[in-house]
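Student: One-letter residues, chain by chain:
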Amino acid sequence: AQSVTQPDIHITVSEGASLELRCNYSYGATPYLFWYVQSPGQGLQLLLKYFSGDTLVQGIKGFEAEFKRSQSSFNLRKPSVHWSDAAEYFCAVGASGSARQLTFGSGTQLTVLP
Amino acid sequence: DTAVSQTPKYLVTQMGNDKSIKCEQNLGHDTMYWYKQDSKKFLKIMFSYNNKELIINETVPNRFSPKSPDKAHLNLHINSLELGDSAVYFCASRGTTSDTQYFGPGTRLTVL
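Top to bottom, those sequences are chains Z and S. Going by this note's numbering, the first residue of the first sequence is number 1, and it counts up by one from there. Going by this note's numbering, the first residue of the second sequence is number 1, and it counts up by one from there.
No lab work stands behind these hints: they were computed from the structure. Don't be surprised by glycine CBs; every beta carbon is placed ideally from N, CA and C. Careful: at least some of the hints might be erroneous.
Claimed, not checked - Straight-line alpha carbon distances no greater than 25 angstroms define the calculated SDA-like cross-link-like pairs of lysine to any residue that follow:
{"no.": "1", "chain 1": "S", "residue 1": "K19", "chain 2": "S", "residue 2": "K41"}
{"no.": "2", "chain 1": "S", "residue 1": "K67", "chain 2": "Z", "residue 2": "G43"}
{"no.": "3", "chain 1": "S", "residue 1": "K40", "chain 2": "Z", "residue 2": "D54"}
{"no.": "4", "chain 1": "S", "residue 1": "K40", "chain 2": "Z", "residue 2": "V57"}
{"no.": "5", "chain 1": "Z", "residue 1": "K61", "chain 2": "S", "residue 2": "K22"}
{"no.": "6", "chain 1": "S", "residue 1": "K40", "chain 2": "Z", "residue 2": "G53"}
{"no.": "7", "chain 1": "S", "residue 1": "K67", "chain 2": "Z", "residue 2": "A95"}
{"no.": "8", "chain 1": "S", "residue 1": "K22", "chain 2": "S", "residue 2": "I45"}
Claimed, not checked - Quick list of simulated restraints, FRET-style, between CB atoms:
{"no.": "9", "chain 1": "S", "residue 1": "T110", "chain 2": "Z", "residue 2": "A29", "range": "33 to 43 angstroms"}
{"no.": "10", "chain 1": "S", "residue 1": "N57", "chain 2": "Z", "residue 2": "P7", "range": "42 to 52 angstroms"}
{"no.": "11", "chain 1": "Z", "residue 1": "G16", "chain 2": "S", "residue 2": "V60", "range": "39 to 49 angstroms"}
{"no.": "12", "chain 1": "S", "residue 1": "H73", "chain 2": "Z", "residue 2": "L46", "range": "38 to 48 angstroms"}
{"no.": "13", "chain 1": "Z", "residue 1": "S70", "chain 2": "S", "residue 2": "T100", "range": "33 to 43 angstroms"}
Could you put the whole structure together from the sequences, leaning on the hints where they help?
Tutor: Written out as C-alpha cells, the structure is:
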C-alpha cells in the first residue's frame with residue numbers, strides 16, 4: 001500500500017528566507033506526486049505535480065519540487081518565502097488504479113516570521 | 001465561476017441527527033471523491049464515483065451513504081451522527097485524462 005511521510009509537523013522561517021519541506025513516499029511503481037497548500041479555513045490548492053519526465057518541477061507561487069527516486073523523496077522548495085505563504089502544506093501520492101485516489105501525508109504547518 | 005462547490009460550508013448539529021452535504025463540479029469531470037480531514041488535519045479518502053458508479057469505498061461506517069445523481073454531483077448523507085464524525089469533508093473531482101484532482105472549499109461538520 002502506498003504511504004506518504006512528512007517528517008516535519010511544523011516549520012518556522014523568516015520572511016525572505018529559503019524553504020524546504022520534506023516528503024517521502026512509499027509506492028511500488030512510478031508515483032504520481034503532488035503538493036497541495038491549505039490556507040486557514042480554505043480548501044486545497046494544487047501547487048505542483050510530478051508524473052514523469054524532468055525531475056525538477058515548477059509550480060505556482062514560485063514553488064518547485066524535485067523528485068528523487070533513489071531517496072523516495074519529493075521535497076518542496078522556495079528560494080524566498082513571503083508572509084502569505086504561511087499555510088499547511090500536504091504532499092500526496094496518487095494511486096494507479098481507475099480511481100486515482102490520493103494518499104496524503106500528515107501535513108507541515110508553515111509559520112512565516114516578519 | 002467556482003469549479004468545485006460544496007454546500008453548506010458549515011454544519012452544526014446534534015448527535016443522532018441525519019444530515020447531507022452536497023457537491024457540484026462544473027469542470028465536466030467524470031470522477032468525484034469525498035475526503036475526510038480530521039481534527040489533526042489528516043486527510044483520508046472515503047469514496048470515489050466515476051460516471052455515477054461507486055468505485056472506491058474505503059472502510060467507512062455504513063451510516064455514510066454517497067449518492068451521485070449525475071456525474072456533476074456527488075452528495076454525502078450521514079445517518080445517526082456521532083461525535084467522531086466532526087471533521088472537514090472535502091469533495092474533489094478529476095477528469096478522465098488527468099491525474100489532477102480539484103478540491104472544493106470543504107464543509108466543516110460539528111456534531112454536539
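Student: Give a verdict on every hint.
Tutor: Okay, the hints, checked on the actual structure:
1. K19(S) / K41(S): Holds: K19(S) and K41(S) sit about 22 angstroms apart, inside 25 angstroms.
2. K67(S) / G43(Z): Since the Cα atoms of K67(S) and G43(Z) sit roughly 22 angstroms apart, the hinted pair holds (cutoff 25 angstroms).
3. K40(S) / D54(Z): Violated: K40(S) and D54(Z) sit about 34 angstroms apart, past 25 angstroms.
4. K40(S) / V57(Z): Judged against 25 angstroms, a Cα distance of about 29 angstroms means the pair is violated.
5. K61(Z) / K22(S): Distance of about 31 angstroms is beyond 25 angstroms: violated.
6. K40(S) / G53(Z): Cα-Cα ~34 angstroms, so violated.
7. K67(S) / A95(Z): Given that 25 angstroms is the threshold and the Cα spacing comes to 23 angstroms, the pair holds.
8. K22(S) / I45(S): With Cα atoms ~17 angstroms apart, K22(S) and I45(S) stay inside 25 angstroms; holds.
9. T110(S) / A29(Z): 33 to 43 angstroms: 40 angstroms, holds
10. N57(S) / P7(Z): 42 to 52 angstroms: Hint violated: Cβ distance 31 angstroms, outside 42 to 52 angstroms.
11. G16(Z) / V60(S): 39 to 49 angstroms: Since G16(Z) and V60(S) have Cβ atoms about 44 angstroms apart, the given range 39 to 49 angstroms holds.
12. H73(S) / L46(Z): 38 to 48 angstroms: Roughly 22 angstroms apart at Cβ, these two residues miss the hinted range, so it is violated.
13. S70(Z) / T100(S): 33 to 43 angstroms: Taking Cβ atoms as reference, S70(Z) and T100(S) lie about 26 angstroms apart, which means the hint is violated.
When held up to the earlier numbered hints, the structure conflicts with 3, 4, 5, 6, 10, 12 and 13 and fits the remainder.
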